[in-house]
Amino acid sequence: MSARHLNLLGLALVGIIGLAVMWLTPRFAELDTVLDLTVYMIMAILALSLALIWGYGGILCFGQSAFFGLGAYTYAIAMFNMGESTVPLLLAIVLPAAFAALLGYFMFYGRISDVYLGVITLTVTLILFNSVNSTAGPEFHIGAARLGGFNGIPGIPPLNWPFNKTAPIDLEGMFYLSTGALLLTYFGLRLLLASQFGRIIVGIRENERRAELLGYDPRAYKLATFTIGGALAGFAGCLFANWGNFVSPTIFGLAQSAQIIIWVIVGGRGTLIGPVIGCIGIQWLSAALGANQPSGSSDFWSKIFANAPLILGVILIAFVLLVPKGLVPTLGDLGQMLLNGRRERKQRGLAPQQAE
Amino acid sequence: MAEPLLQTRDLSMHFGGVKAVNDVNFTLAQGELRCLIGPNGAGKSTFFKMLTGQLEPTRGEVLFRGNDISHAHAHTIARMGIGIKTQVPSVFDGLSVRENIWLAASRLNSRERARRLVDEMLARIGLTQAADRIVGQLAHGQRQWVELGLVLATDPELILLDEPAAGMTHEEVQKTAELVREINRTKALIVVEHDMQFIRMIAKQVTVFNRGSILVEDSVENILRNPLVRDIYLGKQAAA
Amino acid sequence: MDLVALLAIQVLYAIASLALISVGLAIIFGMMRVINLAHGEFLMLGGYAAIVATSHGISIWLSMLVVAPIVVGIIGVVVERTIIRFLYGRMIDTMLATWGLSLLLVGLTTAIFGNTTVGISAPLGSIQIGAYRTSAYTLFVIAVAVVTLGAIFAVMRWTRLGLIARGTMQNANMAAALGVNPPRVYAVTFGVGAALSGLAGAVLAPVSGVFPTIGVAYVAKSFITVIGGGAAILSGTVSASALFGAINQIATFVTTPVFGEVALLAAAIVLIRLLPQGITGRFFRRGL
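Line order of the protein sequences matches chains A, B and C.
Take the first sequence: its letter number 183 is residue 182 in numbering that gives the first Met the number 0, and every next letter is one higher.
Take the second sequence: its letter number 187 is residue 186 in numbering that gives the first Met the number 0, and every next letter is one higher.
Take the third sequence: its letter number 200 is residue 199 in numbering that gives the first Met the number 0, and every next letter is one higher.
Hint data in this document are derived by calculation from the structure and do not stem from the laboratory.
Remember, it's a predicted structure, so these values are computed and weren't measured experimentally.
Ideal placement from N, C-alpha and C gives every residue a C-beta, glycine not left out.
Just so you know, not all the hints are guaranteed correct.
[Unchecked claim] Selected chain C positions facing chain A (Cβ under 8 Å, derived; list incomplete): (1) Asp-1; (2) Val-3; (3) Ala-110; (4) Leu-270.
[What the hints assert, rightly or not] Over 10 Å on every C-beta distance to chain C, these chain A residues come out as not near it, computed from the model: (5) Phe-105; (6) Arg-110; (7) Val-118; (8) Leu-192; (9) Arg-218; (10) Gly-252; (11) Ile-264; (12) Asn-306.
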């Protein structure tokens, strides 16, 4: 039962580190750092949403940012119309989930193959991007909220304590909220994956036909997984809209979708902690290289290094070619090899399926 | 006479112009064990796929306990009580033996009962020692056992076995025959097999498929003596 | 009546440009079952190639019709040799790697050309249709699409290369059976697909201008065209372009360009739901 103990040890470690970060950061770090960490936590929730549906469910979704953006926009629009954040927050989860369910119904009940699934989800994202991008005119508004097209929606009111609009959540509160939400999401997903449902979706990823012949309907399970992933991404989007008080269509963009995929690939499919590490690591790297700032320097090399798409592109190609399993599973393999000495035994019960 | 467990009426599967299965009328009684034999390409596997909802018949119907299942989904048919062990073992290669069996057992049982059932099943298929090994790394014969365990753990009323003895050693074949007879005490089975020794060990009635249709149906002894069968099937095997 | 003629030209143009931007992707998909997510960037590179060549004094026609396809074709071969060939049989990894390539190319062109739109003015003025005027360049784009598709048809139908291509489409082992070196077939295929994308990007550059992320504007449309069309390269591209182009343009005409795009997507999703193998998976199965 040492695998079980190792498992519990890992869970405890994640919990302790998470709580430590949550407790210590606001006390010892500058506000800037707290703000940066807040967005890392929010993005890590987004990474977990894809870790679930792709890493465990085997559903190749290239458009996770669609649900993220939808959550952010839903929150912003509902907030301008209602002024109190409880319902907008719920809507920002429910609406993306419903959209995921609708899209998922078309894809899974239409028995569309993996590759087409990737392209369809990507296309949906792009169409959302194009559609929202072109709503700059004043005629595009939903209630009191102007959509703003490529200019985005500025000045989004922050979340408040449930049903109490006079108690908005401040920046530090956002940090606690985001970190707490990330921890809850992580442990919630661990529970989900340990449940019968979680084991069945892994079984379906491993061998869909066999699962079917045992009496499980893969379509329904995939649809449920996809919908949960959409809800989580929408929730992350809502937090993101809060973090910057601003949303713009780039949130739907190809670059955003690619980032989520890269976090999961770098961290490793078939793990939860991997994508979280991948997400935080890559965002930190991007920030360290100054990639997200508009490059003021005209020097060619600084343009290259301060160039987010270029760096992300190189990372993606390098991982697909050289470390296709991702960091955490690869490190796990190495660790296991060391433990087992030279005994030839590949482990990892939940290794991701080989792409066909 | 009681209602048959399984019945097909004019069951046909045509791929383009190829009649893989053509107008098959087949009846299986409750609790019966039937062997299907026939040369490669006679339509046995296609027949199995139609019975389990993996292929939708071009024409005709499949009745299971009197219900038409010819257009039902594979998972619905599985839930009604038909299990299949496919020709090439179809298992969850990335999971351990225990996890494999658990997936099958947990559909019908509570967590506790499923766990107990898994242990029983592991003992029954003789893989208790290998319970935590990844199925993809087991030998072919052992993967066959895992698949059989999966099927048994869902407790179906009718079990289809597609070449259960293929690629097994003589000892394993005997063990399989024993298990099949044991299973037959509570369940009906249809077994596709080429190994005549194996068939002699388990079967009473044999159905011979040829070119997508039923050629003849008779007892094992008569089938073995039937010159027609020898021509299309046994003769070919003897020559090979 | 003039309005009908104008609308007809617009619809034809929508179909032609859709076919043009999709056919390079369709060739790579049909022959290699590889979905090239850097397709939009190949189009973008075609546009830049034409603009750079023009600014160096090469005639605009030569830049668009010769320089751009050659440059992008060479880039395609290099990409195939350095990335794609390691990933055959791993379709999803290929998609991921080409997505990385797409980001890399966007980053590189941004570093080189800056994040601004570069334009070349469309040659050929405008023509009068009754009370309306329309750009003569529109007719030129339609002509390029027709000639390109015609040329592909001729090559596929009557040359040895085409025979190999058709063989590979029917059965991937066929090329090997014909005594052809499969790696070379793949490299050539990828190069040809890239070259056609370069041509399309260059020909459309005067209409839309060129900027590093312009690929995004093309890529969704070409994906759904190829997937909607199915595996057969020519009949798939033509039939899906005709369907989606017409829907897009008519919806645009009736409402707004944004709704035109939404209608196109909706049509594509419904089509894929009804025909998961694409139009040619169901009809014209023996087509080219």
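Here's how the hints hold up against the structure:
no., hint, result
1, Asp-1, "violated (29 Å)"
2, Val-3, "violated (27 Å)"
3, Ala-110, "holds (4 Å)"
4, Leu-270, "violated (10 Å)"
5, Phe-105, "violated (5 Å)"
6, Arg-110, "violated (6 Å)"
7, Val-118, "violated (5 Å)"
8, Leu-192, "holds (22 Å)"
9, Arg-218, "holds (13 Å)"
10, Gly-252, "violated (8 Å)"
11, Ile-264, "violated (7 Å)"
12, Asn-306, "violated (4 Å)"
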